[in-house]
Amino acid sequence: MTLVIIRTAIVFITLLVIMRLMGKRQIGEMQPFELVITLLIAELACIPMADTSIPLLYGIISVVTIYILHEIVTLLDLKIKPLKSFISGKPSLVMNKNGIDDYQLKRNNLDVSDLIESLRTAGYFSLDCIDYALYESNGTFSALPKENYEKMQSSLPIVIIDNGTYDEKNLTLTGLGREFFDGILREHGVKKVKRVLVLTADGEGKMYLQQKGERCETFYVKYPDGMTW
Amino acid sequence: MGKESGRGAKGTVHMVKSLVAIGVAAAMLLGLAVFEWFFVEEEFSAFREELISLYDKTDGGTANAEDARVVQGKWEDRKERLHIWIPHNDIARIDEYMAETVRLIGEEEYTLALPKLEVLIHLSECLPGTYKPAAENIF
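Protein chains in written order, with numbering that gives the first Met the number 0: chain A, 0 to 228; chain B, 0 to 138.
Rather than coming from a laboratory, the hints here were simulated on the basis of the structure.
Label pairs and their calculated CB-CB ranges:
{"hint": "1", "chain 1": "B", "residue 1": "18", "chain 2": "A", "residue 2": "48", "range": "26 to 34 Å"}
{"hint": "2", "chain 1": "A", "residue 1": "12", "chain 2": "B", "residue 2": "34", "range": "22 to 30 Å"}
{"hint": "3", "chain 1": "A", "residue 1": "46", "chain 2": "B", "residue 2": "34", "range": "18 to 26 Å"}
Note that CB positions come from ideal geometry on N, CA and C, so glycine has one too.
Based on the provided sequences and hints, a complete structural model is requested.
The structure is reproduced here in structure tokens:
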């Protein structure tokens, strides 16, 4: 029984550390330790129930051990600040008024398209309508939009350049060639496409451009032949 | 102000409740663990003594089926209590060797029964150790 208690504690701590190392993407609206408990408790309860060679007491003991660990982790999480950030992680400011924070994205194993997708899920379709975006410790996104942001997203922006690479599929969707966007980049002082962190374009000609390590800029262009989407 | 101090008091009560729950659950686990430790050791120690006595008789050629069945009967009682605490596969291993020993002694095949008894004595010596918190058992 002592063995079961020690083994449960070791597996719990290992899973918690691994979950924290894997980052927030694996979590999905739970704190890391809550996910670990969810993962463990079903197995712990099921195995002794189905396998008659294991005394049922072993299952009960491991579940009680998990309960104790949960209570201890919850207390530490609430009472000791440095441990809270270790156990649950802390939110990352992935976007501010200067644009996307590439470093924070990389730290959280995200790329620009992940950020855009998550923001769309949160109801924000245009990058320029957001002042701040946070990647919460439970893996969800929160954003502080600009005033009247709803008026700013009248057309769906699509990603043209993602981390220095043209998105060929989206390029085809726009019906515009690389040359068109290369010209726009030149006009805005971009020497190489590889320097572009993100370029989005919406159907009304609004573009959001951010070079790596620089401030974002929003501007309007006219599409050839008055085209739109 | 009053509301805030009320909330603070509730928080403290909740924390105390958590600490009490942790303490009670931990004490329960620790108590069970200590009990298991001594209980399993005690049961196997008594079983080992019975086996050694049967071994001596078998070695001297004086053991009969009745002696073997008495040891088996005591093991049967003991295993009902042990089932709660130890893996059932370990109990099954002892059951098999015990049944073979009883048959061999009943047929007066003492030279064949002795190795079975040696295995049983060895199991009764080493099994309690496999439930103790040692590195080789944990990992």
